[in-house]
Structure formats: structure tokens, C-alpha cells
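With the hints as constraints, model all of the structure from the sequences given.
Given next are the chains, with one letter for each unit.
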Amino acid sequence: MSKFKFAMYWAGSCGGCEIALLEIKEKIVEVDQNYEVVFWPAATDFKYKDVEGYDDGFIDVCLFNGCIRNSENEHLAKVLRAKSKVLVAFGACATMGGIPGLANVASAQEIKDLVYRDSPSIDNPDGIYPQERYEVPEGVLDLPHMYDTVKTLDQTVDVDYYVPGCAPEAGQIAAVLDVVTAALKGEGPLPPKGSTVGVSPKTCCEECKRVKEEKKITSFRRIWEFLPDPEKCLLEQGLICMGPATHAGCGARCTGVGMPCRGCYGAPDGVLDQGAKMLSTVASIVDAPTPEEIAVIAATVPDPVGTFYRFGLPSSLLRRARV
Amino acid sequence: MSTNGSNGFEPRLIGFLCRWCSYNGADLAGTSRLKYPPNMVPIKTNCSGRIDATHILKALKEGADGVLIAGCHPGDCHYINGNYRTAGRFPLTQKLLEQLGLEHGRVRLEWVSAAEGDKFARVVTEFTEQIRALGPLGWSAQFVDESVAAPAAEKEAVPA
Amino acid sequence: MAEDRIAVYFCHCGSNIAGKVDVDKVVAWAAEQPNVAIAREYKYMCSDPGQDLIKEDIQQHGINRVVVAACSPTMHEPTFRKAAAAAGLNPYLLQMANVREHCSWVTVDKGEATEKAKRILNAQIHRLPFNEALDPIEVPVNPAVLVVGGGIAGIEAALKLAATGKKVYLVEKNPSIGGHMAMFDKTFPTLDCAACILTPKMSAAGKDPNIELMAYSEVVEVDGYVGNFKVKVKKKARFVNTDTCTGCAACLETCVVRKVPSEFDQGLGKRSAIYIPFPQAVPLRATIDAEKCLTLKGKKCKQPCVTSCGPGAIDFEQKDELVELEVGAIIMATGFELWDPGQDARYGYGRLDNVITSLEFERISNASGPTNGEIVCKNGEPPKSVAILHCIGSRDLNYQEHCSRVCCMYSLKFSHLIKEHLPDTEVYELYIDMRCFGKGYEEFYRRLMDEGVHMVRGRAAEVTDLAMSPEEEGRLIVKTEDTLLGIVRRIPADMVILSSGLAPAKDAKAVSQTFGFGCSGDGFFLERHPKLEPVSTITDGIFIAGCCQYPKDIPDTVAQAGAAAAGALALVDNPTVKVEPTISYIDPEKCAGCHICVGLCPHVAIRYNEELKVAEVITAACKGCGVCVAACGSNVPQQHGYLDNQIFAEIEGAMAF
Amino acid sequence: MRYLYYPGCSAEATGKAYDISTRALMGKLGVELVELDDWNCCGATSYFSVRELDSFAIAARNLAIAEKQGDEDLCVICNACYTTLAKTNRYMAESAEVREAVSGALGAVDRTYSGNKPVRHIMDVLVNDIGLEALGEKVTRRLTGLKVACYYGCQYSRPMGDFDDPEFPVTMDKFFQALGAEVITDFAGKAKCCGGMMMLTKEEGALRMCHELLKGAHDAGADVIVCACPLCEMNVEGYQPRVNKTFGTNFDMPVMYFTQLAGLAFGADPKQLAIDKQIVSCDRVVAAIPA
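Here the protein sequences come in this chain order: A, B, C and D. Residues 42 to 364 in my numbering are what the first sequence spells out, letter by letter. Residues 11 to 170 in my numbering are what the second sequence spells out, letter by letter. Residues 181 to 837 in my numbering are what the third sequence spells out, letter by letter. Residues 2 to 292 in my numbering are what the fourth sequence spells out, letter by letter.
In short, the hints are calculated from the structure, not lab data. Check the hints yourself; a few may be wrong.
Unchecked claim - Here are some, though not all, of the chain D residues that point toward chain C, as calculated from beta-carbon distances under 10 Å: (1) Glu168; (2) Phe169; (3) Val171; (4) Lys175; (5) Asp187; (6) Phe188; (7) Gly190; (8) Lys193; (9) Glu213; (10) Asp220; (11) Gly222.
Stated by the list, open to error - If you only want the chain B side, here are some residues facing chain C, beta carbon under 8 Å, derived: (12) Phe19; (13) Asp86; (14) Ala124; (15) Gly145; (16) Pro146.
Claimed, not checked - No more than 25 Å apart at the CA atoms, straight line, and that leaves these computed lysine-lysine pairs for BS3-like: (17) C:Lys659 / C:Lys711; (18) C:Lys711 / B:Lys45; (19) B:Lys45 / A:Lys257; (20) C:Lys770 / A:Lys273; (21) C:Lys450 / C:Lys482; (22) C:Lys793 / C:Lys410; (23) C:Lys689 / C:Lys659; (24) A:Lys234 / C:Lys770; (25) C:Lys659 / D:Lys139.
Treat the numbers as computed from the prediction; the structure is a model and nothing was measured. Where a beta carbon is used, it is the ideal one built from N, C-alpha and C, also for glycine.
Right, here's the structure in full:
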């Protein structure tokens, strides 16, 4: 029996998702039995022209991780979309923009200015910025064009499935691969197109083992300020935990070790905007005798964008800051 | 570009009004035949506490230049303290929006009782003028297609 | 589900809407909108033919969603929903677009009004496809009624309701019912003796088997909803066992603390620490003033009250008691407070002797009052000249803008009483306008002019004791502009009566918050509609009567009390009442049990199910604020009638162009 | 403690003693007064009735200077100046028309004003910033036994009543009580008009008003009337002979600026306080104060 064609690609992201695939451990052998890798720059040597040369639909399943930050990401997204039967947005960056998506608080130029000119450690008296085209005797060198706005994969091309997480949790990856493999083999149905797979229907709180009671917050705290009670809900202790507005599926591993959830699994079904929703949740449980005092306490949350949209700014309602 | 009233910018505003106080206050403004600018479309909920940041963001995304939330005065809430929740969400939402580059006055929270038709009219008038002075927000207009084909040499078009 | 077929009806409301909004243009536009099958206009949609249009279209043209663009839904949403229901359409598939109060009435420009009307309408057209068929929730009604306040309004309402056989709880904060009216001597314009007409009602209220009188008690907490209120009443400790006390008043004579200013006599008379506020008190029971009683203050006392009490009713160990009542309706009749004229220093109240309030004069002129009805100054001498100053604290932008409605008439009554007692005394009425609007009032005014009362048109500027001529020496001088004579006058008087306006009770705001309805800008309780629902509040099942709503005279108060009783009866006489189904629900399949909503529900209508590990809405307790929906991080609670996608659709519709 | 200080025109002429005694008093209390640079007339009284906007502009020039000169509040001694300057602030805050007109006028002389400089009556500063308790502690010569009629005048707290009741002010009463004096607290004329400018145009009416004030104080047994306004002081003191002539009375009532009498209580010398410049001799008042 011929193997199915597997591709994995790393666009605007840290590479953690690539490693996460290996977290499935011995299950990787099964993957190898079932799939032939036809494109996976991080693991094997392929050139873009190789994949550009494939027939449309040649690849059976492509795990695409990373956001669309520049023209190269966009080009590959389009190529892989055309070549793949099943295109999976893999990980937080591809599904909702991820950490790189926080760059949407600035424009491309502002980012370049900071990196090449304004940062205190910069020594660049001639004000040299990277050029997108540079001619050398051997020919013309191109750098990808950096966009103002970081986009998610599905803001760029049509996506079949979403596997959230930063990075996706190994057990969930394995489960997703099982479902897809079985479907390709004709042993089971594919989930409906557009589904988020590798998650459970409720929120992170469902999986979190901490004891939850009524929540009334009188001040917000950061994780370095104190040692949280190991049994009690972190939110009740004044830590902003994104659990209530985050899809379950990760096993609440962060809260299990005392780190508040940061929301990488994305908004649960029925929530239009994870950050706005969690902001509303957090502000709702501020407790003080007067509305004025409540307002003062609520406004002490530092960096609402970074807190509530740590992974989801490009997929949020407003998507980015004003340029 | 900000334009003022004389060159035709008419702000488009959404007003979330609680049913018991502010919506009735707006009704009273009507019954009293007070006049105010026509720029705001009211949306009724039972309590201002029903409105979360999502609704505000949604309104801005759909093209609103400003959003007003009006509820009962503290202590007057038909639901005891629903408006306390509004009071907490509002400043944090405002802080978020300012981080995203919106001016401080784009969203506004007001307590308007059912007896304050005059206040309602005044608030809408002021708010309309305030947004008129700030100019259009036009949130979706800033998303230009930064396609692969864009020649690198060409400067990115950045609408204000 | 069948396709959405929306019918749009645009009401002209005569010229109220059509005078500003280009109805034809909006209707033609509406007809082109997605899902809109029919768009019509009509002169008065609320009329029977207007409603028939809706019914016919539902029945004959397969209309399954309706939007009526007309007045505020507060006004006619029930009308149209009823019409829809009559034609077999679930009433919650009908929405109103408020193009009158929110559009035509408040917009100057016709073109702008037309555009705004389109946007308001479009919001509803977009919303309708998301509307769900809902059924009103039918809840049982507790037939008992709570009446708060035992003045003439509360007494009247309680008696009316009791006469229908309903159980009534009459709560009064003072030791006796009777209110302000019990303090009055005569009533205008008929000069009926106030006590003669009030005490029979007081005593009837005290004896009626259907009325449970809870004097010296205050409502501290109200929960629940129409038909099913739960009320906590604090019965303040009287330190007298009211079951055994016979009201014989023997203890009053023996009490060693005798110089407590009597509240009932406006501080002009004295009472003892153990007291009965006035002889006709109902219930006729003694009360110990804990702040004055030596024993209760921890001081030494031989306790003669105990020894003098035959039945042994004195009980220094008595504690405040919390009583829980369950009632279906509530009538607020908490009355007013006299505006404190000390706030306006020009009139010298509290500073100059013989400058008194109207209520103080009521007590002075009352035969059972501190002077036994003798009209005398502080030195015991009858005044040779009395000035009565109208509109003190009323019709004054510095204090209260409103007219207190009763002061002109009670002032005239004072003039009459003074002239009756002291025919040679000069009486001056300093007024802005005479407002004698009731039955027999203008006639009374004419009669007083014939009795030789000096009518001076002018608001008094000042009362001073600085004499500038020998005849002013030792007297009060009222400075005023006489606007009819066009001169400034100095009127010497031995007694100045300040006809203070009626002010909202100091705790009116707090009370309105306890009960969950609002106050209007003047501080009085806010009625649901000033003309059509003057005895209802915005909270279903809570009615108002008397001066807590606005200053009014006794005839109006009694009439309003009757109306409030009828309103309450119309509610509690039914076994059930339908309440709005716009409440929250929680899908247990989605709830992660994080507890956020549990602590936030203002009505404690969400509980945590330990077995299923999810939050649950207690349907009967939810009032539909939607706080839980907004607060839940995963939008698991949703509110019928205000679903997120309904609100989002409204936003999209409003912003579509 | 430091304040910007606006003396006003009267304090340079008929009301010189007010300015002198104010500086002496505040010196004794350790309060630094920094006189406003290049101040001009406040624009008071009649001009307001004739050309209101111009008056606001005139007043605002002082406020603009004050705003530029320092962050301290602007302390004013004359009731009329106080009312005028405070009123300008209020109108600028409430009326866009006034704001624009005044800004335009100031612009013409290269000045700007935000509308936010706090204007404080000296009595407000004494009672509310220093405080009655602190004042009481600093007294070196208590005014024991002295019967004082505090004459606030009509513009002291009217119409705004920012720091006292507009109709029946009490701050000066409390101030002198703290200094040990016996204050006639129900002095009927305390906030009445002295006749003001009418003394020049309709003397008969103005004299009647002065008469009422003098009689009120006299009948109540006052040893001295203290004022907070140069015009009040001039009318009530200087026109006593003419009141006597017109009404057949025999008043010989010492009238002082309240700062003069207060200065004595804080140990200033009568000469330092220009008490010798008063028309009706105040020697018996000075003599009546226990050493």
C-alpha cells in the first residue's frame, strides 16, 4: 500500500510546533508507516521549487504552523493550499496569529525603526535598514516583504481544520493524526470542514483541577509577587488566568503547575473574541463597594492587549491597532 | 483625516441603553420633544450589565465611529448592581482600545435615569460633537490587501 | 425551519412620525431588504384596523416575523405582541422599532430623521431572523399585599384591599399610623376636623382582621418579583409587650424623663421617654425611646414605668425582630417630608423666635396640641400680626423647582383659623400666585379675602428683627416687594409662618433602591407613566400612592390610594401572572463550572450543581439582567430575547449603511 | 504657604489700609503673598452692566498673568474683585461664547488663559487653608470681651457661595470667635448691601442702607464693625456723619478692615496695621483688647 503524502511547514512562528509533533513519541513510527514526507523544511531537505512543482492536491495532509507575517509566508500558504487535500492550521500562530500576532500593535515601519534604530542597544550610525532587494555580482538577492499586519492562515487561504495550542498538546496531536489517517484509509469520516480538532467542548476550567468558588477580586497580582495557593483557583487569587475564556484540550497543564492560563487554545465555541470576552470576565469579578472603586481597580490590569490577546490579536474583532 | 461638521463628516454611533433607566430616559427626551443629533442608533438591553467588551468591539468593527453605553445611576439599577459590572468593564475596555490606538473619547459611559431626558439629549449631543471633532474611525478601511505581488520598492499604502 | 418572511409596518402616528419621517421612502426601501416579504405603512398601527393588518398578513401571507416601526416599545409592544399572538404567531417573533421617541420627536431635519428611521428599522430587520419563539413564564401569585407607610394614603389603600378579602400587611415606621394628616387641625377648604375624618379610618385599619398592622417597623430588604415578593421587615423593639399593653398611659405619667421634644408636636410639646405619640394613636400602645430611657442607656432608674404597669408589659430585654413576608404586590405610600426652611437663612428659621413652619402652626392651632389650640407666640401672647410666607423652598431654583400644590390652600386655611381665633389680628399672605385649583378652592380664597386677610403679591425677601422704626421694635419684620403696589414693604409681624414646601422623604432614594424603582429628578418616586400609569412603578407589582410620588392634597391622595389598591388587586386577584421570558439559561453540556457567574448574579438566581459540576439558572429567580452572559468567559449562559447573535445582528443592521 | 496676591485698585487708594494690614497679618501668620505682576483693574461693578464681554476680558488678563506667574492660588482681598474674578472663571467654563471672546482678547495681547486658576477670598484662605484651630493657636492677644459685628457685604459670598452660605455667611464669625472675640452672630445686616456706588448717584437710598447696618450693629451692642471690602468700609465708616445728619442719629461706630483687627490679635502693631488712618477713631477698640 502506498503511503499518504505528508507535509509540514513553518511560517511566522518559533518552531515549537515542529518540535511538538515529535512529542507524540513512539507514535511517530506510526506516522512514518502511514505517511511519506513530501515537504518538511525543518526535518528534510526540500526546496520551494519542489513543492511548487507538485500537482494540485498532491499532498494528502499538510500541517501548517505559523502566522502570515510576510510575502514568503503568504506565498507558501497559497502554494500549500493548492497542493494539499487537507490543510490544517496547526498551532496558535496559524489558527489565531499567536505571539507574533502581538506585532499588530505596531506597523512594519515602527517595528523596523525599533529594531534597527531606536532600541538602546543599537549601534547603527548610518541608519542602515535591511533592503528587500540587493544586487550582488552573482545576481539579485531578495528578502520577503514584511507586512504591516500579521494574519492568520485562514485570513489568507481556505483552511480545512484547526489544531490550536502553543504548542498543540501531544495527546491531541496524536488524536488528530489518528482521525485523519483513519479517514484517508477510508476507515472513518473526516470531521466537518472548518472544525477545531484536538480540543474538548468546554473551557480550560473543566480540565483544571483547582477548587473553584465564587470569585471576587479586590486587586490584581502577578505571578512573581507571591506563591499562589496550590489548591485554589488562580483567578480567585488575583492572577489573570485566561482559563474561563479558553478552549479545553491542553489538560490545563499550566494551571496544574501554578501558571495562569494564557489562552493559547483560543476562544471556546460561541465566543466571537477571546480577549474582549476575558476582559469582560475579569472586570466583572472586581469587587468594591462603589462603581468608582471598581473602575479604578479594573483599570489597573496592565497591558490589556498583551494580557487578553496574547495569542489572538490577528483573529480578534479589531485584528490590530490603528496604523 | 478628521473632518468637521461643515465638510460633511457625520459620525455613526451606537448607543447601548438599559431598558429601565436610559432607554426610558431616551423616551422621555422624545416625549419632551428635546432635540439632539440623529447620529446614534440605540440598542436596548435589559441592563447595561449585559453589554460586554465584545459588543463594543463589534460595533466599532462594523463601522461605528463611537459607542455610548448608558445605564442606571449607581444604586438605581433595576438589577441591584448590574451597572457595577458595567462600571468595571468600561475602563478596562477603554484602556484596551487606547492601546489599539483609539482616542480616549471614542467610547463613553454615562448614567442616565428614566427621569433624565434632558441629560440623555445633552449626552448624545455632546458625544456626537466629540466624535465629529475626532473624525471618522473607519476601522475596516485600514486593512489594505498587502499581497505578494506588491513590489518591494513601493511604499506601503497606509491610510490614516 | 421555514424561510424568514418578515413583515414591516411603519406607523405614521398621525403626524407624530409622518411629519418628520418620509414614510413612503422608508417603506419602499424596507420592501427591498433581505427577508422582508411585506412592507406597509398605516396611519395608526395601534388602532384596531392597524392591528388587523398584522393579523391578516400573518394568516394570509405566511408572515412569520414582524417589525412594527412606531412608538416606544414601552408604549405598545404588548399591544402588537398580543395582536400577533391572536393571529397565531409567537409574540416574541415581533420586534418594535422606536422611530417616534428616538427619532421623529428628537430630530430637527426631515432628511436626517428619515435616514435614522431606516437605520433603527434595519437593526430590527437584521435581528428578527435570530429571534426565538418564547413563551411567557406563568408564575403563581401570592394574594397578599404589602402597604408601606401608614399615612392617609397607606391607610386608605389597605382598607380598600382588605375590603376585598385580601390579606394586607401595613408597615409603618413610627409607633402609630396616621402620618402627617393626624397632625393637622382642620383640612381645607371644607374645614373638616382632620382627626374627625382620619381617626375612624385609623381605627378601622387597626381592627380589620385582614390587615396585619406592623407599626414601628421598617422594610429592610425586598427580593423576588411580581406576584412573589419576599420582604424582610424589621420590627423595632418597643420594649413594651404590645400583646399585654393596654394603652392605658399610666406609665407615661410616672416616667422620670419628661422633657423629650415630641416629634408629633414638632418639638413644641414634650413627651416622656416612654410615650404614646398622641391620644388617638393606632395601635394604642406605649413605646420606649431607647435613646432617652435611663435604663436602656445603662443609667440608674427606679423604673416607675414597670411598677405602674398593671399588665407588666414593660420588657427591657426586647430585641428588634426580623419578619419575613411573602406578598404578591406592594403599595408604596411613604409620604413626604416638610422642606426644612432652615436651609434658606434669609427667613431666620431656627434663629429668630416666632418664625415657625406650617407644620408647627398646625400643632399650635390644634386643640390637642402643645398650646391647646391657643394661637400664641413663644411668650404666650397672641400675635397682633401674622405673616404667612408662601413658596418657602418651592418654586425656587435654588432649592426645589416644583410647586408643592398644597401650600396656598393650607396658608389660606391658617388665615381663616387665625381670624377665627383672633379676629383683630392682622394677617398677611405673601404669595407669588394663588394656586387654588381644586373643588371649592377658589371659593375658599374669595371667602378669605372677605375675611379681611391682606393679600400681598410678592415673595418675601427676608425676615429680620432689626427694627428701623418704633412700631417695628421688638417685632419681626418681613421685607418684600409688593408687586401690585410696586413698592418695597416692611411688614411688622409677631409671628411668621413659613409655608414650607413638600420635599421627598430624606430616605426616598434609599427606599426606591431597596424596592428597585427609581426617583425622578425632583427626588420623588418615579411613576411608570406620568399620565397613563401614575400609580405604577417601572417594577411590575409595585405601586405608589400619595405624596411619595409628588405633592398632593388629601382628596388626590385618597383617590390615588384607591387607584393603587385597584392596581394591586387587579394583580393579586389572579391565581397566576405571566412574566417576561427574557431570562438566562445555561447549557450544562458547555458549562465548565468555573463559578464566575454564580457569585455575580444580583438575584442569587444561579446555583452550582455539585453533582453535575455546572452552574444552573433558577428560572423563577432570574430577572433577566444578563450580567452572567456578559461575564462568562465562554458565553455559556445566554439570555432569551437578548442573545449575542441578536445584539450583533442589531449592530450590523444599524451600521449597514 | 504661598499665594499669588491681587490687591485690587481700591487697595491702592481709599482702601490702602486693607492692603497694608493684609500684608502685616499674613506676615504674622507666615503666609507669603506674591503680588501679581502688572495687574490691572478687575473690571468690577458698573462696567459689567455696560459691556460684559469686555469686563470678562479685563478680569481674565489678571488671571492669565496669575496662571503664568505661578501655580499658587490667587488670593484676593476685595469682595468685588473676588466676585468678578471668580465669575470670570465660571463664565469661561460654562459659556463657549465668553471663552472664545476672552481668548481672542487675550490673544491680542499675546496672552492665554486656560480658565483654571483658582481664585480665593482671603477669608477662605484663612479659615479653610490655615484652619481655625491653627489660627487659634497663633493668637497672641485674644480679643476677649470685644463685641464684633462682622459685616461681610453683599459680594462676599453672593451669588456663588463657593465657601460660605450666600445669604447668611458665617466664616468671618467663626474666624473672630477663634480669635476670642464675642461675635454678634445674628447681626441682621451682615450680608446686606452698603449702598455701594449708589452713594454717588442716589445718596439718600445708600444712606438708608448704611443707616440700617449701623443701627443693627449698634442695637446689638457692637464695639466695632469689621469689613472685608473697601467700598463697604468707606461707606459705613466715612458716611456716618451724613447718616447721623439725615436720620437724626448719633453713631460713632469704629469700623475696621477685618485684617486690621485680626492683625492686633496676632501681635501686630496698630501702626503696622494702619489703624491710625481710620476716620472714626479706633483707639477704644485697641484699648479694649486685653494685653
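We went through each hint and held it up to the structure:
no., hint, verdict
1, Glu168, "holds (5 Å)"
2, Phe169, "holds (3 Å)"
3, Val171, "holds (9 Å)"
4, Lys175, "violated (15 Å)"
5, Asp187, "holds (6 Å)"
6, Phe188, "holds (9 Å)"
7, Gly190, "holds (7 Å)"
8, Lys193, "holds (9 Å)"
9, Glu213, "holds (6 Å)"
10, Asp220, "holds (7 Å)"
11, Gly222, "violated (13 Å)"
12, Phe19, "violated (14 Å)"
13, Asp86, "holds (5 Å)"
14, Ala124, "holds (6 Å)"
15, Gly145, "violated (17 Å)"
16, Pro146, "violated (13 Å)"
17, C:Lys659 / C:Lys711, "violated (40 Å)"
18, C:Lys711 / B:Lys45, "holds (22 Å)"
19, B:Lys45 / A:Lys257, "violated (43 Å)"
20, C:Lys770 / A:Lys273, "holds (22 Å)"
21, C:Lys450 / C:Lys482, "holds (21 Å)"
22, C:Lys793 / C:Lys410, "violated (29 Å)"
23, C:Lys689 / C:Lys659, "violated (36 Å)"
24, A:Lys234 / C:Lys770, "holds (21 Å)"
25, C:Lys659 / D:Lys139, "violated (42 Å)"
This entry does not satisfy hints 4, 11, 12, 15, 16, 17, 19, 22, 23, 25, going by the numbered hints stated previously.
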